[in-house]
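Colleague: What follows is the residue order along each chain.
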Amino acid sequence: MKTVNEMKLSFPSKSCNEAFARAAVSAFIAMLDPTVSELSDLKTAVSEAVTNCVVHGYRRDSGTIHISGKITEDRRVILKIRDTGVGIADVKQAMEPLFTTAPEEERAGLGFAVMQSFCDKVRVRSATGKGTTVTLEKRISDAR
Amino acid sequence: MRTEFENGILTAYLDGEIDHDAAAKIRTRVDASAQALRPRVLCLDFGNVGFMDSSGVGLVMGRYRMMKLTGGTLRVVNVPDRLYRVFALSGIEGLGVLR
Chain S
84 MKTVNEMKLS FPSKSCNEAF ARAAVSAFIA MLDPTVSELS DLKTAVSEAV
134 TNCVVHGYRR DSGTIHISGK ITEDRRVILK IRDTGVGIAD VKQAMEPLFT
184 TAPEEERAGL GFAVMQSFCD KVRVRSATGK GTTVTLEKRI SDAR
Chain F
6 MRTEFENGIL TAYLDGEIDH DAAAKIRTRV DASAQALRPR VLCLDFGNVG
56 FMDSSGVGLV MGRYRMMKLT GGTLRVVNVP DRLYRVFALS GIEGLGVLR
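Order-wise, the sequence lines are chains S and F. Residue numbering for the first sequence follows the numbering used here, starting at 84 and increasing by one per position. Residue numbering for the second sequence follows the numbering used here, starting at 6 and increasing by one per position.
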């Protein structure tokens, strides 16, 4: 499917950039005139993915988070959120609802569950020591 | 965030966007007030929250545990419909704190 728009973002893994990432993605998809609920779904999913990079990918170290976005002709938004942090040893386990490796930070273990529930597709690629890429895909309904 | 203490009930009126960054700040302030005032009930009011990710669930679960340790109770009130889906996913309804 033909790509009608693209973007790339890189920013340091600071928790204040979680809000920046949500705002930037919102602005990127504005051209599709999403409903309030579609916009909120994508913002929430992006927030979870970026928080995972900050909290888990880079733990206490700092690193760079990369987001690349694409909008296709059939109104699909495809977002890749990538870190080059520690990676996930067991992706299946990491995606189980309520599983968390950071209970002391009061992480609820719901990040992937939220992404899966709020997007049409979620793909996770990870290699320990190399980092993690989460791909989120959501189709925005046709102009009303 | 504004807090109010009356008849042993500490109410925190949360606002804005609750993500990992904001939740850490809210947690520090709410816990400091709760430690100083020793409320019987801690009430988290979500009425003015515009956005929340699963960090909001972590915030509620953490405060639930804290209140349980001190023999108090937690109430979560005025959750807007748009935030409800994240709470629903968490199964937090089973704690009986949502009003």
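Fair warning: there could be bad hints in the mix.
Covered, in the sense of this in silico footprint (three residues per stretch, anywhere, with C-beta under 8 Å from a C-beta of chain F), are these stretches of chain S [unchecked claim]:
| id | stretch |
| --- | --- |
| 1 | 93-104 |
| 2 | 134-142 |
| 3 | 166-179 |
| 4 | 196-205 |
DSBU-like mimics (lysine-lysine), calculated; alpha carbons at most 30 Å apart, straight line [to be verified]:
| id | chain 1 | residue 1 | chain 2 | residue 2 |
| --- | --- | --- | --- | --- |
| 5 | S | K153 | S | K213 |
| 6 | S | K85 | S | K163 |
| 7 | S | K85 | S | K153 |
| 8 | F | K30 | S | K97 |
| 9 | S | K204 | S | K97 |
| 10 | F | K73 | S | K163 |
Source of the hints: derived by calculation from the structure; they are not laboratory data. We treat Cβ as the ideally placed atom computed from N, Cα and C, and that holds for glycine.
Colleague: With reference to the structure, classify each hint as holding or not holding.
Modeller: Right, here's what the structure says about each hint:
no., hint, result
1, 93-104, "holds (count 4)"
2, 134-142, "holds (count 3)"
3, 166-179, "violated (count 0)"
4, 196-205, "holds (count 4)"
5, K153(S) x K213(S), "24 Å, holds"
6, K85(S) x K163(S), "17 Å, holds"
7, K85(S) x K153(S), "10 Å, holds"
8, K30(F) x K97(S), "14 Å, holds"
9, K204(S) x K97(S), "26 Å, holds"
10, K73(F) x K163(S), "40 Å, violated"
Violated hints, in rising order: 3, 10; the structure is consistent with all others.
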